[in-house]
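Novice: Based on the hints, put chain B in the right spot on chain A.
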Amino acid sequence: MNNPILCVKDLEKTFQVRTGMFGKQGIIHAVNHVSLELARGETLGLVGESGCGKSSLGRTILKVYEPDSGTILFDGNDITTLSREQMRPYRKRMQMIFQDPYASLNPRFTIGEMIAEPMKIYNIGSADERAERVKALLKTVGLRPDHSTRYPHEFSGGQRQRIGIARALSLDPDFMVCDEPISALDVSIQAQIVNLLEEIQAKRNISYLFIAHDITMVQHISHRIGVMYMGSLVEVGNADEICNDPLHPYTKALISAVPRPDPRKERERTVLKLPGETPSPLNLPAGCPFSLRCRYASKRCREEMPQLRQVSGRTVACHLVS
Amino acid sequence: MADRLLEVKDLAVEFRTGEGIVKAVRGVSFHVEKGEILGFAGESGSGKSVSAMACLGLLASNGTVTSGSIRFAGKELLLPKDSTRDQLRRHEEMLRRLRGNEISMIFQDPMTYLNPVLTIGTQLTEGILAHTQCSRREAWKKGIEMLRQVEISDPEKRMRQYPYEFSGGMRQRIIIAIAFSCDPQLLIADEPTTALDVTVQAQILDLIRKRAREKGTSVIMITHDLGVVASLCDRVAVLYGGRIEEAGTADEIFYEPRHPYTEGLLSSVSRRNSETMDKTPLTPIPGTPPDLLHMNSGCPFASRCPEAMRICKDYLPAISSFSRTHDAECWRYCRAQAQQLILKQMEERGERNE
Chain A
2 MNNPILCVKD LEKTFQVRTG MFGKQGIIHA VNHVSLELAR GETLGLVGES
52 GCGKSSLGRT ILKVYEPDSG TILFDGNDIT TLSREQMRPY RKRMQMIFQD
102 PYASLNPRFT IGEMIAEPMK IYNIGSADER AERVKALLKT VGLRPDHSTR
152 YPHEFSGGQR QRIGIARALS LDPDFMVCDE PISALDVSIQ AQIVNLLEEI
202 QAKRNISYLF IAHDITMVQH ISHRIGVMYM GSLVEVGNAD EICNDPLHPY
252 TKALISAVPR PDPRKERERT VLKLPGETPS PLNLPAGCPF SLRCRYASKR
302 CREEMPQLRQ VSGRTVACHL VS
Chain B
26 MADRLLEVKD LAVEFRTGEG IVKAVRGVSF HVEKGEILGF AGESGSGKSV
76 SAMACLGLLA SNGTVTSGSI RFAGKELLLP KDSTRDQLRR HEEMLRRLRG
126 NEISMIFQDP MTYLNPVLTI GTQLTEGILA HTQCSRREAW KKGIEMLRQV
176 EISDPEKRMR QYPYEFSGGM RQRIIIAIAF SCDPQLLIAD EPTTALDVTV
226 QAQILDLIRK RAREKGTSVI MITHDLGVVA SLCDRVAVLY GGRIEEAGTA
276 DEIFYEPRHP YTEGLLSSVS RRNSETMDKT PLTPIPGTPP DLLHMNSGCP
326 FASRCPEAMR ICKDYLPAIS SFSRTHDAEC WRYCRAQAQQ LILKQMEERG
376 ERNE
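Going line by line, the protein sequences match chains A and B.
Using this note's numbering, the first residue of the first sequence is number 2, and each one after it goes up by one.
Using this note's numbering, the first residue of the second sequence is number 26, and each one after it goes up by one.
Read the hints as simulated data drawn from the structure, not as lab findings.
Since this is a predicted model, take the numbers as computed values, not measurements.
Where is the CB? At the ideal position from N, CA and C, for every residue including glycine.
There's no promise every hint is true.
Cβ pair distances, simulated, as ranges [stated by the list, open to error]:
(1) A:274 with B:359: 46 to 52 Å
(2) A:304 with B:186: 29 to 35 Å
(3) B:306 with A:253: 26 to 32 Å
(4) B:372 with A:203: 51 to 57 Å
Okay, chain A solo, but in the shape it has when bound (with noise of 0.2 Å):
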């Protein structure tokens, strides 16, 4: 990939918990050593269960959280190991939308306060300039300008989204973090939301990492998608390549699960059952994660960790592949 805005190396992230009130430390490899490359402009899904890691891989590319090791290109600097004030003019170009729109807006701000905050943080224009560009964004996402006096609670579930998307754009990120951005949402509002960001990618040519559960609207709106498996990914590629023929015997399966909303399409769909249940996170298996469900798994599979490696077009992280 030519210049890409984010480029990700082999990043690893633990966490350390104790099991119950008396029990042993034990460690979580939640991103576990992950790479990917994303380019600018583009749309790159991460799908996975609950609890393989996505949204912490989101987060730690942002540092949120501070990586084990591994390093963070972003737009060619390496930010990993930078400090909070070093940080400061990256964190201005990468910026995170929420899931819960409800949680993540400050009830006693108003929506103009809120949408100017950053702006105000990074000192940029006066304090008119900022109305003015509030007003704007307001109209980007679909909001009347007049809006800005008002507080959260007059709005509706995707209308506090927009305000999100509002307040995340206004200081021109070059890369969002969209964190399950739609999936508290009504099933008619959801395209709404969806519209807009391809829409405002469309125009400022903004990079998404759009991370959800819901594979139908993901593949709607990637470019390529990234499937995530306790911690590591398994399989990356192009959107409808992944969906129509995946490779890794996991994304065969995820795949195989999720409903269409199309009958006839449904009464010939046979879903690829996976035995047993998701194994804990705390005790990874030494080899590929997938080995204790897979039904191909050989011993192999079970004793050495596969790399991801080209495939036909695409990154697959399996023995078996060929």
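Specialist: Just chain B, lined up with the frame of chain A:
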């Protein structure tokens, strides 16, 4: 008509709140046949859960059924308003025998539905012991059998464990085992897979489908996920703002939608052209979900409908039938009636002006 297990007519439910009366359900009629899976599709606040809960007599204390009739297996489940105390008590007793026995329910959140301080076995046998004449030992055996049916391994050991020892998907399967333990005729599933991952969702849907096909259990599946509706349901009722806007077989709803809301809902989700496999662009429904406190007297969808006429806000449209199974209520299919109404309205206004 003989095989209609549940027949609901003109059901209306209101909730008294601090801000006023919320008309959550405004006259819905539907039926469930034996062994059929009926989907209730709709967004939050559409009245889909309330309609189903009313059938079980399980409304919050500020809610009342203001009109309608609910007949289950020939019995009327709603009491007339002027019933005596004695009638009320006997009716409550009858409902209690019905709940968990002939009609059971699965809820959305498997993490909060099980009692954390009781073993799975205790919770699983509670219903069996309450509704059937059997010993504890028999009930325990039946419980083990139920766990096996929902594909939980090592059921003998699992019966003695507590909910925290199970994952979310397993808890939901245990809840399903509880729901099926008394061989209900009707299962009401209120968003049973919303909190679960897709792979687990597939297992749960499979269990429900199998039960309906093999034992002839009827199911009302409440969901906002059109994929779930398409994969599971025989018939679908699309709810919006407390009305059933359209009802039909899954194929009729997905391939020949008649109501503008159904059309809008379907174009809000990402679908593929079946021949070219091309993405169809998303066309969202403009506006925001209805405010149930301030509803107009007409079609609830009127304020967001791209084709709304003046009459839509004030009058509920009549039901138009498109096939034996397919109904929709929209003024665009009864324009002649609409015109008559408008004329009448104008006449009345004219008289008032004089």
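Novice: Within 46 to 52 Å or not, the Cβ separation of residue 274 of chain A and residue 359 of chain B?
Specialist: With a Cβ separation near 48 Å, residue 274 of chain A and residue 359 of chain B satisfy 46 to 52 Å, so the hint holds.
Novice: Assuming the hint says 51 to 57 Å, is it satisfied by the Cβ distance from residue 372 of chain B to residue 203 of chain A or not?
Specialist: holds (53 Å)
Novice: Taking the CB of residue 304 of chain A and the CB of residue 186 of chain B, does the distance hold inside 29 to 35 Å?
Specialist: The hinted range 29 to 35 Å holds for residue 304 of chain A and residue 186 of chain B, with Cβ atoms some 32 Å apart.
Novice: Could you see if the CB distance from residue 306 of chain B to residue 253 of chain A stays within 26 to 32 Å?
Specialist: Once the Cβ atoms are compared, 28 Å apart, the range 26 to 32 Å for residue 253 of chain A and residue 306 of chain B holds.
Figure legend: structure checked against the earlier numbered hints; every hint is met.
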